[in-house]
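Residue-level listing of the chains:
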Amino acid sequence: MDLRLSKFTKRFGDVTVIDKMDLTVRSGEMMALLGPSGCGKSTTLFAICGIHKMDGGTLHFGEEEVTRLPAQQRPVGVVFQNYALYPHMTVAQNIAFPLRVQRKTRSEITDEVGRMAELVQISNLLDRRPAQLSGGQQQRVALARAMVRKPDVLLLDEPLANLDAKLRLEMRSEIRRIQRETGITAILVTHDQVEAMSMCDRIALMKDGGIVQLDTPMGMYSDPADKFVAGFLGNPPISFVQAQSGDSLDLGHGLRIARPDGLQARGEITLGIRPEHVGPQFGTGLEGEVVFVEPQGREELVDIRLASGAELRAILPSGTGHALGQRVDWGVDAKRILAFSSEGARL
Amino acid sequence: MTGHARIWHLVAILGIFSLPLIIMYVFQVVESVAAPAPGSLIPGELDLQNWRFLWGSIDSGRPSIWRVTLNTFLFASITSFLVCALSLTAGYALSRLNLPARPLFLGGLIILHAFPTVTLIIAIFIILQIMGLYDTLLGIILVKAALELPFGIWIMKGFYDTVPWEIEMAGVQDGASRLRVWWELVLPQIKPGLSALLIISFLAAWSEFVLPLVLAPGSGAQVLATYMNAVINDDTNQDFGLFKAVGMFYSLPVILVYLLFQKQLMNIYGGGTKG
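Those protein sequences? They're chains A and H, same order as listed.
Numbered according to the numbering used here, the first sequence spans residues 1 to 347.
Numbered according to the numbering used here, the second sequence spans residues 348 to 622.
The set of hints was computed from the structure by calculation and includes no laboratory data.
Among these hints, one or two may not hold up.
Sample of chain A residues facing chain H (criterion: CB under 8 Å; computed from the structure) [as the list claims (entries may be wrong)]:
(1) C49
(2) I51
(3) Q72
(4) V78
(5) V101
(6) F228
Ranges of calculated distance between the beta carbons of each label pair, as one might list FRET restraints [as the list claims (entries may be wrong)]:
(7) H/S524 <-> A/S173: 35 to 45 Å
(8) H/W512 <-> A/E108: 28 to 38 Å
(9) H/I354 <-> A/E108: 51 to 61 Å
(10) A/E63 <-> H/T436: 55 to 65 Å
(11) H/T509 <-> A/E170: 22 to 32 Å
(12) A/K20 <-> H/L453: 29 to 39 Å
(13) A/D164 <-> H/R353: 32 to 42 Å
(14) H/L534 <-> A/N162: 18 to 28 Å
(15) A/N162 <-> H/S524: 26 to 36 Å
(16) H/R525 <-> A/E108: 17 to 27 Å
(17) H/S524 <-> A/S341: 46 to 56 Å
Backbone N, C-alpha and C define an ideal beta-carbon position, used for all residues, glycine too.
Start from the sequences and build out the full structure, keeping to the hints where you can.
Right, here's the structure in full:
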């Protein structure tokens with residue numbers, strides 16, 4: 001079931017948090033609402049599930065308009081950040097609750113609960129209480145409960161925020177597997193760009209109550225709409241350096257690199273250079289001094305400071321033996337340089 | 348072992364300070380079943396005569412002890428039921444709903460809780476007279492419940508505050524009505540608070556003395572506290588043995604309740620968190 005939010009407006013008191021936002025999620029797609037805290041992504045999620053009233057605009061699930069439908073009647077399953085399991089009920093009772101509300105028969109409920117438990121792989125935990133489960137297991141129960149009444153849309157509010165790093169990796173692929181297996185339309189709210197990029201088909205990057213860019217993870221990564229998007233995606237993050245755009249790009253203090261093809265703008269601009277596009281393998285021209293080395297096992301991060309004082313971060317295979325203070329002369333992958341105006345717009 | 352050894356001094360100090368209380372309680376028990384021995388600390392022989400109020404009327408002007416006990420029980424249980432029912436709903440509204448003038452209401456609760464009851468008694472007396480509830484059990488039940496409510500509401504609000512919002516949102520999203528969410532998902536979380544409040548308001552009403560004394564002085568609505576008062580107020584013959592026996596009888600349920608429900612009571616005294 002596809003989901004269409006059009007001209008969605010939300011106000012809290014006199015403050016307009018979200019102004020006329022449009023968002024379409026295709027059927028069976030997993031969409032990430034990504035953005036820094038306070039950007040309105042959770043507000044959007046709660047408006048879609050019906051907990052927040054919309055102050056303007058419409059919401060359609062497929063052909064049906066659900067803007068005024070109370071939360072109880074919306075075909076939506078929600079997984080909350082703290083899971084919100086009912087502590088006094090067993091796992092089985094938790095998953096069965098939505099079905100009991102629907103007055104399903106006992107045998108139907110048992111069947112459905114068994115089926116869901118199998119899908120999220122908690123069949124052996126059905127008699128436990130939430131307090132006796134690990135974080136990852138609670139997460140699975142919350143997923144099962146959200147999906148047991150076969151909603152058209154699954155909403156996930158920061159589902160991995162309360163898990164430790166290793167579990168987060170595991171649940172990341174688990175949630176994606178379950179979403180793919182059931183073919184459910186899903187929206188994932190997160191502030192973690194790695195989560196959004198690794199789990200979702202498309203990402204809507206939000207800032208100050210609006211969508212800045214909506215694209216596939218790789219599309220957004222390689223072709224960001226503006227400086228904010230470029231800076232938000234990517235780990236380690238992109239480096240920005242000031243440059244004078246003339247016949248070549250002047251980084252100051254005699255450092256020049258070739259103009260990327262198709263760059264029209266002249267004058268003061270900001271270059272965005274991702275760590276994987278800097279290094280000795282790209283020739284020479286960028287002279288600098290190594291100011292930071294961080295080994296990460298397979299790779300290492302090396303920061304160099306140019307003569308102008310600007311710093312560039314490179315990600316290199318391990319074992320290059322760079323040491324602090326070392327003088328290097330590196331190059332940059334000119335085709336992949338991103339250029340921005342001083343206001344942050346993409347050039 | 349070491350733990351016990353370390354707190355041994357503490358136990359000793361506490362013991363010394365509670366000694367007067369313990370001695371009084373012991374004499375209360377002993378003298379209620381002993382023949383009076385004037386001028387002596389050592390009680391005389393065993394004498395159940397003091398407990399005669401249980402099987403016979405102590406004098407013609409007074410209602411039977413069982414009638415008075417029933418009154419007291421009705422007074423205490425209906426009061427605590429009322430307090431709990433109203434606190435449950437009012438506490439929820441104050442904790443969760445976006446009420447107008449909510450801070451004012453919360454402040455008012457605290458002030459009302461701290462307000463000295465006795466200063467209100469003349470006003471209440473007049474109100475009850477106008478309503479025709481003076482000298483009735485119903486009258487003192489309503490007054491006692493009203494006076495206990497601020498405390499109850501405040502406590503229940505505190506318990507509701509500890510229940511995460513998301514549990515209710517999840518329930519609503521699962522398709523349940525607000526009422527069902529409250530009943531099936533929220534109430535079980537605050538059960539410890541509810542049972543503690545039930546016991547506390549029961550005990551508060553059970554031991555209430557001033558309200559029945561002033562507002563229901565007749566024999567029809569007499570409760571154990573006023574019954575005891577009547578026993579000691581008898582000018583012609585002061586029977587301390589009888590008084591002590593009635594006192595024992597009166598406090599037995601309280602002691603029993605404390606022994607049985609210690610755990611639940613600790614929930615409230617422990618600061619209103621779940622235990």
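Okay, the hints, checked on the actual structure:
1. C49: holds (6 Å)
2. I51: holds (5 Å)
3. Q72: holds (5 Å)
4. V78: holds (5 Å)
5. V101: holds (4 Å)
6. F228: Interface hint status for A/F228: violated (30 Å vs cutoff 8 Å).
7. H/S524 <-> A/S173: 35 to 45 Å: Given a distance of about 37 Å, which is inside 35 to 45 Å, the answer is holds.
8. H/W512 <-> A/E108: 28 to 38 Å: Holds - the Cβ-Cβ distance for H/W512 and A/E108, about 31 Å, lies within 28 to 38 Å.
9. H/I354 <-> A/E108: 51 to 61 Å: For H/I354 and A/E108 the Cβ distance comes to about 58 Å; the hint holds.
10. A/E63 <-> H/T436: 55 to 65 Å: Given a distance of about 41 Å, which is not inside 55 to 65 Å, the answer is violated.
11. H/T509 <-> A/E170: 22 to 32 Å: About 31 Å separates the Cβ atoms of H/T509 and A/E170, which means 22 to 32 Å holds.
12. A/K20 <-> H/L453: 29 to 39 Å: holds (38 Å)
13. A/D164 <-> H/R353: 32 to 42 Å: holds (38 Å)
14. H/L534 <-> A/N162: 18 to 28 Å: Given range 18 to 28 Å: holds, Cβ gap about 26 Å.
15. A/N162 <-> H/S524: 26 to 36 Å: Between A/N162 and H/S524, where Cβ atoms are some 29 Å apart, the hint holds.
16. H/R525 <-> A/E108: 17 to 27 Å: Since the Cβ atoms of H/R525 and A/E108 sit about 26 Å apart, the hinted range of 17 to 27 Å holds.
17. H/S524 <-> A/S341: 46 to 56 Å: holds (54 Å)
Hints 6, 10 from the earlier list are contradicted by this structure; the remaining hints agree with it.
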